[in-house]
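Quick note, the sequences are listed as chains A and B, same order. Using the working numbering, the first residue of the first sequence is number 1, and each one after it goes up by one. Using the working numbering, the first residue of the second sequence is number 1, and each one after it goes up by one.
For the record, the hints were derived by calculation from the structure and aren't laboratory data. A couple of the hints might just be wrong.
What the hints assert, rightly or not - What the simulated footprint calls covered on chain A by chain B, stretch by stretch (three residues with Cβ under 8 Å from a Cβ of chain B suffice, anywhere in the stretch; the number is not a length):
#1 15-26
#2 83-94
#3 97-104
#4 126-140
Stated by the list, open to error - Below, in silico cross-link-like pairs of lysine-lysine (PhoX-like), each with a Cα-Cα straight-line distance of 25 Å or less:
#5 A:Lys-111 - B:Lys-27
#6 A:Lys-87 - A:Lys-313
#7 B:Lys-118 - B:Lys-298
#8 B:Lys-139 - A:Lys-27
#9 A:Lys-123 - B:Lys-139
#10 A:Lys-123 - B:Lys-87
#11 A:Lys-119 - B:Lys-123
#12 A:Lys-139 - B:Lys-139
#13 B:Lys-139 - A:Lys-15
#14 A:Lys-155 - B:Lys-123
#15 A:Lys-323 - A:Lys-87
#16 A:Lys-27 - A:Lys-293
#17 B:Lys-298 - A:Lys-118
#18 B:Lys-155 - A:Lys-139
#19 B:Lys-118 - A:Lys-119
#20 B:Lys-155 - A:Lys-123
#21 B:Lys-123 - A:Lys-87
#22 B:Lys-111 - B:Lys-139
Said to hold, decoys possible - Computed footprint of chain B on chain A; a stretch qualifies when at least three of its residues, placed anywhere within it, have a C-beta under 8 Å from a C-beta of chain B:
#23 45-54
#24 112-120
#25 144-157
All values derive from a computational prediction rather than experimental measurement. Just so it is clear, CB atoms sit at the ideal spot from N, CA and C, and this is done for glycine as well.
There are 2 protein chains.
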Amino acid sequence: MKRENILLGHGSGGKLSHDLIDKLFMKYFDNEILASQGDSSILEVGSQTLSFTTDSFVVSPIFFPNGNIGNLAIAGTVNDLAVSGAKPLYLSAGFILEEGFSLSELEIIVKTMAEDAKKAGVKIVTGDTKVVERGHADKIFINTSGIGILAENRKGISSGEDIRVGDKIIINGAVGDHGMAVMAARNELKINSEIKSDCAPLNGLIDVAFEVTDKIKFMRDATRGGLSSVLTELFERKSFGVEIMEEAVPVHDNVSGMCELLGFDPFQVANEGKVVMVVDADAAEDVVAAMQKHKYGKEAAIIGEITGTHAGKGWIITSIGGKRVIDMLSGEQLPRIC
Amino acid sequence: MKRENILLGHGSGGKLSHDLIDKLFMKYFDNEILASQGDSSILEVGSQTLSFTTDSFVVSPIFFPNGNIGNLAIAGTVNDLAVSGAKPLYLSAGFILEEGFSLSELEIIVKTMAEDAKKAGVKIVTGDTKVVERGHADKIFINTSGIGILAENRKGISSGEDIRVGDKIIINGAVGDHGMAVMAARNELKINSEIKSDCAPLNGLIDVAFEVTDKIKFMRDATRGGLSSVLTELFERKSFGVEIMEEAVPVHDNVSGMCELLGFDPFQVANEGKVVMVVDADAAEDVVAAMQKHKYGKEAAIIGEITGTHAGKGWIITSIGGKRVIDMLSGEQLPRIC
Chain A
1 MKRENILLGH GSGGKLSHDL IDKLFMKYFD NEILASQGDS SILEVGSQTL
51 SFTTDSFVVS PIFFPNGNIG NLAIAGTVND LAVSGAKPLY LSAGFILEEG
101 FSLSELEIIV KTMAEDAKKA GVKIVTGDTK VVERGHADKI FINTSGIGIL
151 AENRKGISSG EDIRVGDKII INGAVGDHGM AVMAARNELK INSEIKSDCA
201 PLNGLIDVAF EVTDKIKFMR DATRGGLSSV LTELFERKSF GVEIMEEAVP
251 VHDNVSGMCE LLGFDPFQVA NEGKVVMVVD ADAAEDVVAA MQKHKYGKEA
301 AIIGEITGTH AGKGWIITSI GGKRVIDMLS GEQLPRIC
Chain B
1 MKRENILLGH GSGGKLSHDL IDKLFMKYFD NEILASQGDS SILEVGSQTL
51 SFTTDSFVVS PIFFPNGNIG NLAIAGTVND LAVSGAKPLY LSAGFILEEG
101 FSLSELEIIV KTMAEDAKKA GVKIVTGDTK VVERGHADKI FINTSGIGIL
151 AENRKGISSG EDIRVGDKII INGAVGDHGM AVMAARNELK INSEIKSDCA
201 PLNGLIDVAF EVTDKIKFMR DATRGGLSSV LTELFERKSF GVEIMEEAVP
251 VHDNVSGMCE LLGFDPFQVA NEGKVVMVVD ADAAEDVVAA MQKHKYGKEA
301 AIIGEITGTH AGKGWIITSI GGKRVIDMLS GEQLPRIC
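Can you make the complete structure from the sequences, with help from the hints?
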């Protein structure tokens, strides 16, 4: 390890995060399951195939337009399970609370979690609470881990092993809303943007897509690091490339405006209710049409495709026909976005 | 909720923790699995019975005699699974790091976790890392969640449904070491006590006990809140009582000395390598003998029994024949002990 201390960028979901995973966690925790590096791990337990995932939530502020840390804690883990192809079943909830944190705010968060778990059809079955002295945490951190069950015909999704040239890339709606909503909610900015977090559990939407076709070959939720990180994970070290049509990617006007103002790339801003899918070209339009009928997929669109050229690389084709490279965030622009 | 803010005692594993669980988490997260309130939840997933648990670790200091937060993160979760009767298989690891935390210390902790996972026969299969700004966490917090598989003949252990009057209560060794070792390691105390944490994964020891008998009816690891909390959970709201012979409970001299000095009850001090078992009277001596041959059970002993009198209550019989009530810690004596 060249750097001697942890930087905010190590938690960005971008290059520094990937470095830390490769050079430290993979080095010591090395095993074939972890090595697959999906957002969930796929486990054979007796005769069942399970999906297992964990996520800690440290968002600041803990309340933001259209959500709070409790919504994230459910959606984040449900989505990690759902994009692995699993049916999410059970969640754990681990709370780290700062001494002096408001019990009424805790109650709102816990209530939110219970409601969202119910909506997503999962049960919170085990938990833990730790309290640290005032000034040694920031109000509340939540870890949720989750277990889902994987159907036989969805086992290849996590690895994307069936992806072929010509497959279409789909997203279920606009990018950047969550990151910019949280950013705007930070006191120091006092921006009245009306941007709302897109935070949502996506398992229902994903089920709708699978009702249309079983030719969904890869899914990933675009959280920290945004669409760019997901696409990079998709093409990195692969024998294919990725081409994205910039104009096809939905971005709300207020989000693109705020990104421009603050110098962010909306493709690199976190989402909490967006899934990127790779789908067989024959089925892509049907999947988009089905998603558009679902409340979390109204703006679903085909945004690009898998190409046989520039293997291991991704390009964004701009509206004037130019090209730019798809790249992961290298530092940290938005600490504690989830 | 009467109190308006979170107190350190809400994380003690004692009365305030139980209040928070009953009045907030159980109220909203209510379901039949969570309601069983074991350290692990027992899940029917397809044809498998799984055990699932979560624990966050916030110990301070992160390095202490005979261990670090990494040892706790593995042992704590492995033990929660093992005492539910399950064979621990897979762990997740979620890190919350403070900006500026030393990468070399992180490497030591991660290496410790890898080594202990290997010793315990479990794999770390999924993870997550978040970084918060300097001053918004304290170096490192770790959450581990775990999945184990439960054999048909061990399903009743978690609930203790087979406990009968006359059953013996066993512990695998001395109480209070972990709590006092961490306490002594705190800079402000500068106590050179030579007390070492008992932190250890107990699944191997528990397997040894099951090789002797299948008449083990209840197990619980005595962590936060110590032996007293486990015993209280054992007899509370039950049709039987508990009687403990004070002299039979192993307590190391340096631990009892330090407890006396600081005003602690060693029965209420945290352990990280102690399991309390309820075993059929016929099998109890054999279990103790087998445990004593294992490195984590050298001081194993029968410490008391299940009684038909004083249902729902526990008594400690002192060396002079007196009785005192077994009671849970009501406040918080030792914050951030695990």
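Practice problem: Count residues of the stretch 45-54 of chain A with a Cβ under 8 Å from any Cβ of chain B, then say if the count reaches three. | Solution: holds (count 8)
Quiz prompt | Restraint check for B:Lys-139 with A:Lys-15, where alpha carbons must lie at most 25 Å apart | solution = This hinted pair holds, its Cα atoms lying about 22 Å apart.
Quiz item: Are A:Lys-111 and B:Lys-27 close enough, with their CA atoms no more than 25 Å apart?
Solution: Holds: A:Lys-111 and B:Lys-27 sit about 9 Å apart, inside 25 Å.
Practice problem: Measure nothing beyond the straight line between the CA atoms of B:Lys-298 and A:Lys-118; if it is 25 Å or shorter, mark the hint as holding. | Solution: violated, 47 Å
Exercise. Decide if the proposed pair is consistent with the structure: A:Lys-27 and A:Lys-293, CA atoms, cutoff 25 Å inclusive.
Key: violated, 45 Å
Exercise. Starting from A:Lys-123, check that the Cα of B:Lys-87 is at most 25 Å away, please.
Key: holds, 23 Å
Practice problem: Would you check chain B against the stretch 144-157 of chain A, counting CB to CB pairs closer than 8 Å, and say if three or more residues qualify? | Solution: Since three or more residues must qualify, the claim that chain B covers the stretch 144-157 of chain A holds, with 3 doing so at under 8 Å.
Self-check item: Pair hint B:Lys-118 and A:Lys-119, alpha-carbon separation not exceeding 25 Å
Solution: Judged against 25 Å, a Cα distance of about 38 Å means the pair is violated.
Exercise. Please work out if B:Lys-155 and A:Lys-123 have their alpha carbons no farther apart than 25 Å.
Key: Roughly 20 Å separates the two Cα atoms, so the pair holds.
Quiz item: Is B:Lys-111 close enough to B:Lys-139, meaning Cα to Cα at most 25 Å?
Solution: Between B:Lys-111 and B:Lys-139 the Cα gap is close to 17 Å, so the pair holds against 25 Å.
Quiz item: Is B:Lys-139 close enough to A:Lys-27, meaning Cα to Cα at most 25 Å?
Solution: Distance of about 22 Å is within 25 Å: holds.
Quiz item: Under the criterion that the straight-line Cα-Cα distance not exceed 25 Å, is the pair B:Lys-118, B:Lys-298 satisfied?
Solution: Holds: B:Lys-118 and B:Lys-298 sit about 22 Å apart, inside 25 Å.
When held up to the earlier numbered hints, the structure conflicts with 6, 9, 11, 15, 16, 17, 18 and 19 and fits the remainder.
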